[in-house]
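Trainee: Single-letter residue listing:
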Amino acid sequence: MNTLTPVLSAFWDQKDSFTMEGYKRNGGYLALAKALAMDPDKIIEEVKESGLRGRGGAGFPTGMKWGFIPQGDQKDHYLVVNADESEPGTCKDTPLLMANPHVLIEGVIIASYAIRANHAFIYIRGEVTHVVRRVQQAIEDAYSAGLLGKNILGKGFDLELVLHVGAGAYICGEETALLDSLEGFRGQPRLRPPFPAIAGLYARPTVVNNVESIASVPSIIANGAQWFASMGTEKSKGFTLYSLSGHITNPGQFEAPLGITLRELIDMAGGVRAGHKLKFWTPGGSSTPMFTDAHLDVPLDYEGVAAAGSMLGTKALQIFDETTCVVRAVLRWTEFYKHESCGKCTPCREGTWWLVQALKNLENGQGAPEDLEKLLDICDNIMGRSFCALADGAASPIISSLQYFRDEYLEHLKNGGCPFDPAASTIFATAGLR
Amino acid sequence: MSIQEIKNQEITSSQGADSAIEMITIIVDGFEVSVPKGTLVIRAAEKLGIQIPRFCDHPLLDPVGACRQCLVDIEINGRKFPKPQASCTIPVEPGMVVNTQLTSPVAEKAQKGVMELLLINHPLDCPVCDKGGECPLQNQAMSNGGGESRYEGVKRTFEKPINISSQVLLDRERCILCARCTRFSEQIAGDPFITLNERGALQQVGIYEKEPFQSYFSGNTVQICPVGALTGASYRFRARPFDLVSTPSACEHCASGCDMRVDVRRGKTLRRLAGDDSTVNEEWSCDKGRWAFKYEHRDRLTSPLIRNESGELVEASWPEALAHAAHGLSINRAAVLVGGRSTIEDAYGYSKFARIALNTNDIDFRSRTSSDEERNFLAALLLGKSVTYLDIDKADQVILLGFEPEEESPIIFLRIFKQVRKRGLKVSALAPFTSRGNEKLKATVIKNVGNEVEDISKFALTNRSVILVGERLAEVSGALTAALKLAEQSGAKLAWIPRRAGERGALEAGAIGNLLPGARQVADPKARQDIERAWGSGPLPTQTGLSTDQILDALHKGEIEALLVGGVDPGDISASAIDGLRKAFVVSLEIRNSAMSEVADVVLPVAAVVEKSGSFLDWQGRARKFEAAVTNSLHRSDVRILSILADEIGRPINLGTVEKAAKELASFGDGSSDQKSALASLSADQAKIKEPGKNQAILTSWRLLLDNGSLQEHEPNLAGTAHPCVAVISDDRANRLGVVDGDLIKISNSNGEIILPLQIGDIDPRAIWIPRNSENSRPLLALKSATHSLVSVVKA
Amino acid sequence: MNQPISSPYSDKDLAVMDSIVKRYPRTRSAIMPLLHYLQSIEGYVTETGIETIAQILSLESAEVNAVATFYTQYKRKPVGQYHVGICTNTLCAVMGGDAIYQSVLEHLGIENDGVTDDGKVSVEHIECNAACDYAPVVMANWEFYDNQNVESAKDLVDSMRQGNPPPPTRGPDRLVTWKEASAVLAGINDGLAHQGVQAGDPTLLGLKIAKNSKGGE
Ligand SMILES: Cc1cc2nc3c(=O)[nH]c(=O)nc-3n(C[C@H](O)[C@H](O)[C@H](O)COP(=O)(O)O)c2cc1C
Ligand code: SF4
Ligand code: FES
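Residue numbers (this note's numbering), protein chains in the order written: chain E, 1 to 434; chain A, 435 to 1230; chain V, 1231 to 1447.
Careful: at least some of the hints might be erroneous.
From chain V, some residues computed to sit far from chain E (all C-beta separations above 10 Å) [as the list claims (entries may be wrong)]:
#, residue
1, Ser1249
2, Glu1272
3, Glu1290
4, Lys1307
5, Ile1340
6, Glu1373
7, Pro1398
8, Pro1402
9, His1424
10, Asp1431
Derived coverage of chain E by chain V (criterion: at least 3 residues anywhere in the stretch with Cβ under 8 Å from a Cβ of chain V; other residues may be distant) [what the hints assert, rightly or not]:
#, region
11, 37–50
12, 55–68
13, 121–130
14, 243–250
15, 346–358
Think of the hints as simulated: they come from the structure by calculation, not from any bench. Values in this document were obtained by computation on a predicted structure and should not be read as measured data. Each residue gets a CB set at the ideal place from its N, CA and C atoms; glycine is no exception.
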């Protein structure tokens, strides 16, 4: 059985996969030529039919999002690619851009043409110098090749593409915060409505899509919606990148149809690290409620993961074995959310401040069992009460860990401290792994 | 303009400004309420008397939904939002059902939860906090909070209060980051000098360290801060709210017409707050209006003074002083000068006193530079339609002539700025250079000093345009006439904006030589008869009275030998005014010792605004009545003293109370429709200014809002935020003189010199601009000219 | 008001800044790349820098400062020639990031955000850097040093102090300096994009398995 479907990653193993020559050698920019010969509405139709859903976490149907852009409104339209990839555990867009920035650029041109945008931006996180180089170079090469700028491929379509580099703020992955950041403001989320499709960048109709979403478009145009829709499950079509990390024999990227299970993926990755067993994992980054070994057979598509009580998110599968203290793991994530809270709204700003202190106490074995109820109640006052979804993400690891590992918290209290040896969970604890 | 502002504009304009108001009915806690489309849920609930707790929400600021205190449950046509929603950000929709904390346990818990979170890092220093007793956080914590905090952790600490300007202090520990202050500064004042800095739990309000919060409107942030994070230096630790008696009042400083609230403790004003008048100042005031009131306390005159034989002013009894004044005024030919900050009732007192007690029309309220053309212009203006703030709201463009709104009438500035931000209102100005205020208004500035009349005639306006004329336009001959013509030809609305609060009222009270009360022409026999009948007096003087300049001239020549003045600074009129006054018998009605006391023969102390009742007519011609905030003052209003003085002279004016004066003036109605003749005498020629030579420039100036004005004395904190006192010259001239920003230059003519640091600006290269009444820069005294004359400019 | 910009930066730098502003339909958008660019000149965001950007973009300095202080990559004080970021987000921390972080700080005798006396190395603990399949991850001037352990990380900082750091795992053939990297982040092409691997092994794992199994079918 071969469950993997390398499309985006199909020729990442070629040394020059990131260059124009490498990309073209493998069929790059052919979809663009095809797309520019199509009616823009037809492209939107095709993407709708393919069933492609946003790969940035929420899974919103991409074609439908494009369809929201008002047409014939005489206003500038914008396409903004979200390459901020900062959700803990998420590491798919970054290697994609390093290995093949052109597939994104081709997708950008097609998407811009479809939504009638003549200006597009890639907002990339700032902490990845070499990836910035690769994307910048690819953009320049695309300009030189007449694929960007005026009258692309002689088809009368103009497009300017600008790479915008972030500067260290997880919240800028949230699309409205991203837009404020791109406009030169503090990256804090905006009120919605108006939604970006109506008033996005510079208050103009704007599509914000994840890197992987846009990068998937050329293959859809090249091979047709049916081809794409033939992969995956009923409501979660196509292939996607799953990222395995943590206590696993061989961590890495796996491009597979939606609906694959963690059991299958772990098998391919050579199993949980030798001599250990799976304790907990995240299906889509730290913001998605954690799972345990009871969830190994949950189909990793939007519906399957939701039915099991979590979210597919970014398909960032972080694997932790039994040496890992769940309280420590959760505290560390909570510290992340505190650090990254934008500060705009009370529940998130003050709540994460409080949660860190509460979890530190618990990790140190201080407090009483009732404090766990208090912790849950604070989470309840944050989740769904805040301005954006960052705070929901902050509450998720706490709530889900208490759901599955309440005893471990109590154990800390009984023990007067953490019963785990942190050294045991390090990669260098296991001889021969590296 | 920030991008967010552009967004605003587009969203507003796409909503269609002129479409008829559509009403939407929703249900809140089981009750139906109908509100205009676009109304936010929090305000729809308010209409039913349901108070949803809130902090960041402010009806005049763009919604942000930051504090999350106002969460409620909402469903639309049976579809329930999965999470509670911030009612301050959600506009009503048909089919909406809202359940607030009163009917939804979810909303109630959400609000309690947010309150608890707001308090975990808030210090428990209410007993020493200025806001204690009037603090929204304290109040809502009491009524909606959870009682005991479950928080046992470490509170966030910051360095204790820091000065963010000489008048505002910031205590970051108390701040709940509602962003009202920062949004105000950006959205209302256009002064984004305070911002949210840092991120997350470390986010805090702050300034850029080298640039303090130098905004003319900073006091509003103190007023709207829902906690004690922002405090005013002058009120800090001075009082508790329950010690104070609050009285609605009117601002005496400028003609904007602000509604104010005065808080008094034991006969003394401790603070002033902006009142709420949506048709005028909305909920704002400028810092001068808020903080310049110490003049009420200092150097006050408590007893009448008489100049004795040896030429010294000595205390005297009231009967003695009144008798002396009456004698001096009745044996000489006398005239009257009225200060620009009289209430309309007081101005009416002077007007009637001049006509009846002194039998003269020689009266003028313009104790400043003025012209005959202006007098005719004002008479003609009263014939026109009235103009209001709402006209600015609806204008297709606004033209500023001889008028710098931010400096000379700051609330008009806020109003124009609001429209510029909301819908890109087009603003043009005739000015020597682009001031910061005009920069904020994105005004097209026509910089062509000396050519104003021609430039005015070139504007293309419609009947939706508004022309705002400042009192300084009178200094350019022909310009007022040109403005009037422009208005007539285009149908545009024309408003005259004097700088001081009392001038418009004084005009209507007839405290000017060509007009009688109710805008009746002195020259019109029928108008005179009206007034004679009403006053029950004999025939009134028929000759049009002298103007301020003519009166002073006559004093010099000895043609007038006595003068009654009420709150006038001779230095505001001209350098030589004081010399004329020295020659005459002067009776001065004053609240404090002043330059006028030096030349007065009789000084009669009168009440300050807080101590009396009355009203000011703002630039719109709209009256704001106020009662005495200090109720047990021994001081009396000018009009009451004038009435006694008239009795003493033996020609009673019968204005024993302010109310009587108000009623009598109101009974005249508007007599302006009877006559059109005023327009006829207007002339429209502009005197040519000689081209400046190599080291010469055309002098221009205006007064800064915060300057040496006598009502601002004893307010060092306020003075600390004054705009810098600099001379503005062009890049060209700076190069020629070999000087850079900050270097000193000397501005001089045969009368004297002024030395100031310079600032390079985009000024008409032939011109120079300096402040008109600031430290080291009082051109009217030093150079005997304030504008449109040639001066020499060299490196100092 | 088109006043000339008064600032101590060279005409060349000002020209670059101007070209950065021109990338955008609305000038304010240039604020972030301009801040990166300042760091490429001075190493951190200085007052002069903030005031110059304010002039260029017609903003108040307070507005620029508000933006600069929001983002962690903009530094308020000088960092080392090599700025090291050690990931201590949960996954890396558990896999050894915590141990690496502690021992590197001890080894260098500095605290978080500290700089060695020679100005060569500064250390900061960072959040997830999108390289979890290479955990534990260390960044230097935001270049990847994958699969680190305590010893390798100490060696790495030692080599930096000696002035001969090894090339990044996935990056150009030499480790550029902090200022050089900042210029790249400002969008200035340094011509090194073609250097280094296209991908590391974990990135290629799925592809390899797919190819192998296809070959075996
Ligand atoms: C706190 C937060 C962080 C996010 N970070 C990212 C991110 O780094 N990359 C991303 O593509 N989407 C991120 N998202 C989701 C975006 O808001 C948005 O949904 C997405 O970019 C849309 O693209 P898609 O429809 O192609 O998925 C984040 C959302 C939140 C609430
Ligand atoms: S200082 Fe006051 S108004 Fe400003 S953010 Fe803080 S609480 Fe709000
Ligand atoms: S009042 Fe509604 S969120 Fe603050």
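Trainee: Look at each hint and say if it fits the structure.
Mentor: Checked hints:
no., hint, result
1, Ser1249, "12 Å, holds"
2, Glu1272, "16 Å, holds"
3, Glu1290, "13 Å, holds"
4, Lys1307, "16 Å, holds"
5, Ile1340, "20 Å, holds"
6, Glu1373, "5 Å, violated"
7, Pro1398, "7 Å, violated"
8, Pro1402, "7 Å, violated"
9, His1424, "7 Å, violated"
10, Asp1431, "7 Å, violated"
11, 37–50, "violated (count 0)"
12, 55–68, "violated (count 0)"
13, 121–130, "holds (count 6)"
14, 243–250, "holds (count 6)"
15, 346–358, "violated (count 0)"
Violated hints for the displayed structure, listed by number in ascending order: 6, 7, 8, 9, 10, 11, 12, 15.
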